[in-house]
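Protein sequence lines, in the order shown, are assigned to chains B and C.
Add 15 to a position in the first sequence, counting from 1, and you land on the number used in our numbering.
Add 1 to a position in the second sequence, counting from 1, and you land on the number used in our numbering.
By construction, these hints were calculated from the structure, which means they are not laboratory data.
Heads up, a few of these hints could be off.
Stated by the list, open to error - If you want a taste of the chain B side facing chain C, the calculated C-beta under 7 Å gives, among others:
id, residue
1, Val48
2, Ala50
3, His53
4, Ala57
5, Asp61
6, Tyr64
7, Thr65
8, Cys68
9, His72
10, Arg187
11, Arg188
12, Leu203
13, Arg314
14, Arg315
15, Gly318
Unchecked claim - Stretch-level coverage of chain C by chain B, calculated; a stretch enters the list once three of its residues show a Cβ under 8 Å from a Cβ in chain B:
id, segment
16, 14-27
17, 64-78
18, 171-182
19, 190-203
Please read all numbers here as calculations on a predicted model, not as lab measurements.
Cβ atoms here follow ideal geometry from the backbone N, Cα and C, with glycine treated the same way.
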Amino acid sequence: MSNNHLLHNLILFGRLLRALGMDVNPGRMIDLVHALEHVNLARKADFFYTARCLLVHDRDDLPLFEQAFELFWRAPRDKTIFDALFKFRPEAADHKPIIAPPPLQEDAPAGGDDQTEEDDDEVQQVIEVTQTYSTREVLRRKDFGDLTQEELHAVKQFMAQMVWQLGLRRTRRQRPGRGQRLDLRRSLRRNLRYGGELIEWPSRQFKYKPRPLIVIADISGSMERYARLLLHFIYSLAEGLEQEVEAFVFSTHLTRITRQLRGKEIDRALAEVSREVTDWSGGTRIGESLKTFNFDWGRRVLGRGAVVLLISDGWDRGDPVLLKKEIGRLQRSCHRLIWLNPLLGSAEYEPLTRGMQAALPYIDDFLPVHNLASLEELATHLQNLTAEKRPSRRQQLKLSGAAFVKDR
Amino acid sequence: MQIESIDQLQEALRGRHYVADRGLATAVYLALKLQRPLFLEGEPGVGKTEIAKVLADLLGTELIRLQCYEGLDVNQAIYEWNYTRQMLHIRLLESRGERASEAELFGKEFLLERPLLQAIERSKTQRPVLLIDEIDRSDEEFEAFLLEILSEFQITIPEIGTIKAAQPPVVVLTSNRTREVHDALKRRCLYFWIDYPSFEKEYDIVRAKLPHAADQLAEQVTYFIQELRQQDLYKIPGVAETLDWTAALVALDAQALSVEVVENTIGVILKYQDDIEKVNGETTKQILDRVRANA
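Work out the full structure: start from the sequences and follow the hints.
Encoded structure:
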């Protein structure tokens with residue numbers, strides 16, 4: 016392969032990667048050309064690793080890069096490889112139908128193709144029963160689930176304008192200010208003018224930063240009336256808070272939607288979320304989903320005193336023992352675990368479902384999320400989370416029912 | 002030592018008991034040749050920090066290590082003035098009826114070099130290896146000034162002036178991914194994700210690091226750990242745990258694995274009670290059966 020030919024192909028390859036959504040710029044490509052001078056091009060593996068360590072800087076992009084490399088440098092080049100490649104790119108999967116959150120009427124669960132383990136009739140029936148029951152529950156009060164089209168529109172507008180603020184956390188970084196710690200550097204400088212007599216004692220104080228926020232929302236069948244508005248709510252949080260918000264949704268499995276929500280206009284963000292999530296209105300497996308969260312994401316996003324919002328009605332079809340274990344682990348790994356339950360808005364509601372019973376002892380705050388008033392309450396609550404210490408977690412020692420009554 | 006090819010580097014690392022696959026060797030080689038920082042990411046205990054140590058040994062230079070933590074600031078990472086000495090100096094001059102001048106007080110003899118400044122200062126005579134360990138534990142503020150230093154390799158101290166590295170040090174950054182490090186920083190580096198090793202590679206590592214372990218034991222331990230990584234564990238054991246465990250078993254004079262031996266020493270490899278409960282007698286027995294069938 017002549018040098019010119021190689022250069023030409025490299026440029027094409029760079030364009031391809033960029034088109035696939037990877038962060039590759041001309042500067043990087045020039046670096047790669049320089050790097051290749053040190054490598055024996057006859058060895059394909061060396062060429063591959065050289066390109067990879069210069070062009071990829073996120074583990075999540077590694078498989079995509081590998082596929083692109085394989086196809087570009089090994090297969091005969093024609094248009095089909097581009098088509099083939101775009102299938103790997105989740106955002107560009109245009110052939111996939113958009114599965115939107117269901118409209119406000121009773122439909123069969125839409126995400127049937129993703130419930131391989133649950134596809135038998137029995138489970139399907141259980142889900143339907145859950146749905147009808149939840150529907151009756153929801154219909155008993157006027158809340159998010161009962162809004163007419165106009166009301167819905169107004170609520171969305173209102174959500175977009177809500178101001179969110181999250182309590183601060185004391186970081187371990189210090190800066191000049193009125194604190195307990197002596198700032199020796201400034202002390203010496205200041206006192207030089209007194210000829211070495213120590214007269215002024217400047218000090219340093221800790222810096223405060225907003226806590227990270229993680230939202231995990233249930234979009235299963237029983238929550239379908241809320242799903243769309245909840246996404247609006249999460250979007251409003253992500254947009255309104257100065258820190259980054261990590262967002263996840265689940266029904267039978269957990270999907271991270273942080274990337275889809277970030278920096279986009281709302282309709283586009285929600286369309287991308289709809290495309291990404293494959294289990295809208297499916298069954299509910301809170302325990303399983305939290306386990307995925309704890310194993311795959313917990314260590315990456317829960318550091319630095321994070322606050323977790325878990326939004327669900329607690330209708331869990333999974334194993335309550337697993338749920339108990341995983342929610343306990345989640346609580347221990349975060350600063351505060353807040354469960355938002357749309358059903359809690361009703362005076363008659365009691366958290367008697369198996370799932371709720373298992374989870375209650377591990378929840379720091381149990382709050383309603385069924386109408387705008389409850390959202391405002393939540394906003395105040397989040398703002399007041401200034402306590403430097405974790406909330407006391409005596410609840411764990413008591414029976415869940417008692418803890419619930421006490422906390423309300 | 003002068004490194005002229007990837008093969009030579011791989012061989013040299015091997016000679017120092019570090020088994021690097023082709024991909025890692027390529028990344029390290031390029032970091033040396035292109036004088037770029039190397040960003041290593043991976044689960045704990047896969048040998049990220051170790052490579053910096055081995056590299057320093059191999060190049061015959063000094064290893065300068067900066068352990069990151071939240072709130073790490075200029076005073077701890079770059080330089081600090083030796084206040085006690087400055088104070089004493091002021092007093093000393095005072096007793097002689099003199100007054101300390103500023104230039105005198107902020108001279109190099111009162112400067113405490115911290116790792117980043119050290120790395121730049123030392124580069125005048127050699128090319129040291131600068132290890133910036135667990136960058137994910139630091140915060141955005143530190144990342145920002147690190148970014149500046151890694152692009153220019155120069156530090157400005159207001160009282161003294163700008164100090165520039167004669168040649169860029171070999172920089173190795175490691176991260177356990179407990180937080181996403183900012184893209185701007187990663188973009189400046191060569192990126193490599195170190196995965197858990199294959200059976201062959203891990204066996205190689207055990208043999209290289211612990212030549213005293215009996216063949217059968219080394220093989221069984223490696224196979225057992227490889228099997229454990231397939232289990233649904235909260236914290237999967239790394240290579241560091243494999244080595245610790247082998248060393249523990251050698252110390253206990255074990256020749257082969259048995260349910261009892263595993264149960265007595267499981268704390269060396271599993272650090273969560275949930276995980277230990279999961280790998281109870283029955284699971285251990287099943288894994289051991291597979292180990293015996295394969296090893």
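Okay, the hints, checked on the actual structure:
{"no.": "1", "hint": "Val48", "in the structure": "violated, 11 Å"}
{"no.": "2", "hint": "Ala50", "in the structure": "holds, 5 Å"}
{"no.": "3", "hint": "His53", "in the structure": "holds, 4 Å"}
{"no.": "4", "hint": "Ala57", "in the structure": "violated, 12 Å"}
{"no.": "5", "hint": "Asp61", "in the structure": "holds, 6 Å"}
{"no.": "6", "hint": "Tyr64", "in the structure": "holds, 4 Å"}
{"no.": "7", "hint": "Thr65", "in the structure": "holds, 6 Å"}
{"no.": "8", "hint": "Cys68", "in the structure": "holds, 4 Å"}
{"no.": "9", "hint": "His72", "in the structure": "holds, 4 Å"}
{"no.": "10", "hint": "Arg187", "in the structure": "holds, 3 Å"}
{"no.": "11", "hint": "Arg188", "in the structure": "holds, 4 Å"}
{"no.": "12", "hint": "Leu203", "in the structure": "holds, 6 Å"}
{"no.": "13", "hint": "Arg314", "in the structure": "holds, 6 Å"}
{"no.": "14", "hint": "Arg315", "in the structure": "holds, 6 Å"}
{"no.": "15", "hint": "Gly318", "in the structure": "holds, 5 Å"}
{"no.": "16", "hint": "14-27", "in the structure": "holds (count 3)"}
{"no.": "17", "hint": "64-78", "in the structure": "holds (count 5)"}
{"no.": "18", "hint": "171-182", "in the structure": "holds (count 4)"}
{"no.": "19", "hint": "190-203", "in the structure": "holds (count 5)"}
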